[in-house]
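S.K.: The residues making up each chain are set out below.
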Amino acid sequence: MSEKKIKNIFVQGPVAPAFIAESIASHKSKTGIGGHSIFLGQIRADKINEQTVHAIEYTAYEEMALERMQEIREEIFSKYTLTCMHVHHSLGKIEAGDICLFVFTSAPHRKAAMEACEEVVERIKAELPIWGKELFGDATHQWKENI
Amino acid sequence: MSEKKIKNIFVQGPVAPAFIAESIASHKSKTGIGGHSIFLGQIRADKINEQTVHAIEYTAYEEMALERMQEIREEIFSKYTLTCMHVHHSLGKIEAGDICLFVFTSAPHRKAAMEACEEVVERIKAELPIWGKELFGDATHQWKENI
Amino acid sequence: MDIQVFGRLTEVFGADKITVDPVNDTDSLLKKLRQDYPAIGETGFIIAVDKKQVRENVQLSPGMMIVLMPPFSGG
Amino acid sequence: MDIQVFGRLTEVFGADKITVDPVNDTDSLLKKLRQDYPAIGETGFIIAVDKKQVRENVQLSPGMMIVLMPPFSGG
Numbered sequence: 001m002s003e004k005k006i007k008n009i010f011v012q013g014p015v016a017p018a019f020i021a022e023s024i025a026s027h028k029s030k031t032g033i034g035g036h037s038i039f040l041g042q043i044r045a046d047k048i049n050e051q052t053v054h055a056i057e058y059t060a061y062e063e064m065a066l067e068r069m070q071e072i073r074e075e076i077f078s079k080y081t082l083t084c085m086h087v088h089h090s091l092g093k094i095e096a097g098d099i100c101l102f103v104f105t106s107a108p109h110r111k112a113a114m115e116a117c118e119e120v121v122e123r124i125k126a127e128l129p130i131w132g133k134e135l136f137g138d139a140t141h142q143w144k145e146n147i
Numbered sequence: 148m149s150e151k152k153i154k155n156i157f158v159q160g161p162v163a164p165a166f167i168a169e170s171i172a173s174h175k176s177k178t179g180i181g182g183h184s185i186f187l188g189q190i191r192a193d194k195i196n197e198q199t200v201h202a203i204e205y206t207a208y209e210e211m212a213l214e215r216m217q218e219i220r221e222e223i224f225s226k227y228t229l230t231c232m233h234v235h236h237s238l239g240k241i242e243a244g245d246i247c248l249f250v251f252t253s254a255p256h257r258k259a260a261m262e263a264c265e266e267v268v269e270r271i272k273a274e275l276p277i278w279g280k281e282l283f284g285d286a287t288h289q290w291k292e293n294i
Numbered sequence: 295m296d297i298q299v300f301g302r303l304t305e306v307f308g309a310d311k312i313t314v315d316p317v318n319d320t321d322s323l324l325k326k327l328r329q330d331y332p333a334i335g336e337t338g339f340i341i342a343v344d345k346k347q348v349r350e351n352v353q354l355s356p357g358m359m360i361v362l363m364p365p366f367s368g369g
Numbered sequence: 370m371d372i373q374v375f376g377r378l379t380e381v382f383g384a385d386k387i388t389v390d391p392v393n394d395t396d397s398l399l400k401k402l403r404q405d406y407p408a409i410g411e412t413g414f415i416i417a418v419d420k421k422q423v424r425e426n427v428q429l430s431p432g433m434m435i436v437l438m439p440p441f442s443g444g
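Chains as they are written, first to last, in our numbering: chain A, 1 to 147; chain B, 148 to 294; chain C, 295 to 369; chain D, 370 to 444.
Everything labelled a hint here was simulated from the structure, so no lab data went into it. Don't take each hint at face value.
[Stated by the list, open to error] Below, a list of computed lysine-lysine pairs in the DSS-like style, where the Cα atoms sit at most 27 angstroms apart:
#1 A/Lys7 - D/Lys421
#2 C/Lys325 - C/Lys311
#3 D/Lys401 - A/Lys125
#4 B/Lys226 - C/Lys345
#5 D/Lys386 - D/Lys420
#6 B/Lys240 - B/Lys175
#7 B/Lys280 - A/Lys30
#8 B/Lys240 - C/Lys345
#9 B/Lys177 - A/Lys133
#10 C/Lys345 - B/Lys272
#11 C/Lys311 - B/Lys177
#12 D/Lys386 - D/Lys400
#13 A/Lys93 - A/Lys133
#14 B/Lys154 - C/Lys325
#15 B/Lys280 - A/Lys93
#16 A/Lys133 - B/Lys152
#17 C/Lys346 - B/Lys152
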């Protein structure tokens, strides 16, 4: 795997809706696409023991995450007939209601776009070395666990 | 079913990426949401017998489509734990590369959002009285068929 | 008895509305349409009465909204 | 031998990097860590060597990048 092929997926802070719009608009010229599937992860204000999550602070082992993501990307492209795939994951403190994950797959036919998107989301959660620290209002915290 | 509950899903012309961004941003205050799933249908410049589709012109039996969509909405909300669901379908002439369908489901947990979105897309294609006329460059056309 | 038509049926009938002599039910309507418009035989279509898709024979009465639709192709 | 740690392990160790006496392989490293840091026993974790997750015992040599990670919770 050549170093230059590795794409960055990390963004500091939340994913802005305007960025999502730009990303969608940039596919207008790709007229072989028939369907786009998008997943957005949003920070939920969970109540845990009478405390409310007001933000999640994300850290990652970035070098390993990007290499792993590259492998996932290659496996997804060999499994599904996709036109393109974009992944953006937040780092740093993301407030409840903000978007922390943006997965975007496009394909000639809808089924491939939808199935690939779902698989990428599951694999990001299971395979990328990223950690979320749930911050409560009283300055305490707990480490998020993916279930 | 009370008449006032029926939501319009039809928009004249393509769905603009900026509209999608506004729709996403409007969910920031709903902090019970953990995942959004979005499907976008885009007009594909299909080659058919050496002719290229340059646009699809959509018409619908709107009154029936909106009633049917309302029934689908109610069935989806009773089947999945969703926070909200939005559907927009274009009418009129939509150029290749433009977006003609926007399905947007949001839920506390990602699985419900993704499964509901996929089911809604399939049901829109199978159950709503909408027709696409594929327009070729030489002013001929053919009627689209969902497969 | 006015019947509204959609999609490619507007080309088959050359209009988006046709008028046929009153009939009692949807089976009779189908028979009549196939007789009067042989071209319709080649086109799959669906009948809706009062915005509901008809799957069995339905009695027709004045004021009902009758619609002929080709297979759907939205999305 | 430097080991980088992430997530809640930074709290267990009180730092994001720890130094241990050199060992030959990852099994020996695990044994040593559990001895020197009893608190780690309560925390599930994964070892990565040179950015690959270790599933069996791996020989360690100088210059290898050793990382301890708690279960992932991205997305």
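S.K.: For every hint, state whether the structure bears it out.
M.R.: Hints and how they fare:
1. A/Lys7 - D/Lys421: Measuring from Cα to Cα gives roughly 18 angstroms; hence the hint holds.
2. C/Lys325 - C/Lys311: holds, 18 angstroms
3. D/Lys401 - A/Lys125: violated, 30 angstroms
4. B/Lys226 - C/Lys345: holds, 24 angstroms
5. D/Lys386 - D/Lys420: OK: lysine 386 of chain D and lysine 420 of chain D at ~16 angstroms, within 27 angstroms.
6. B/Lys240 - B/Lys175: violated, 33 angstroms
7. B/Lys280 - A/Lys30: holds, 21 angstroms
8. B/Lys240 - C/Lys345: holds, 25 angstroms
9. B/Lys177 - A/Lys133: Given pair lysine 177 of chain B, lysine 133 of chain A holds - Cα atoms ~21 angstroms apart, limit 27 angstroms.
10. C/Lys345 - B/Lys272: holds, 17 angstroms
11. C/Lys311 - B/Lys177: Not OK: lysine 311 of chain C and lysine 177 of chain B at ~46 angstroms, beyond 27 angstroms, violated.
12. D/Lys386 - D/Lys400: Between lysine 386 of chain D and lysine 400 of chain D the Cα gap is close to 18 angstroms, so the pair holds against 27 angstroms.
13. A/Lys93 - A/Lys133: Holds, because 9 angstroms separates the two Cα atoms, which is no more than 27 angstroms.
14. B/Lys154 - C/Lys325: violated, 37 angstroms
15. B/Lys280 - A/Lys93: Violated. Lysine 280 of chain B to lysine 93 of chain A sits at ~48 angstroms, over the 27 angstroms cutoff.
16. A/Lys133 - B/Lys152: violated, 41 angstroms
17. C/Lys346 - B/Lys152: OK: lysine 346 of chain C and lysine 152 of chain B at ~18 angstroms, within 27 angstroms.
Comparing the model with each earlier hint shows violations of hints 3, 6, 11, 14, 15 and 16; every other hint is respected.
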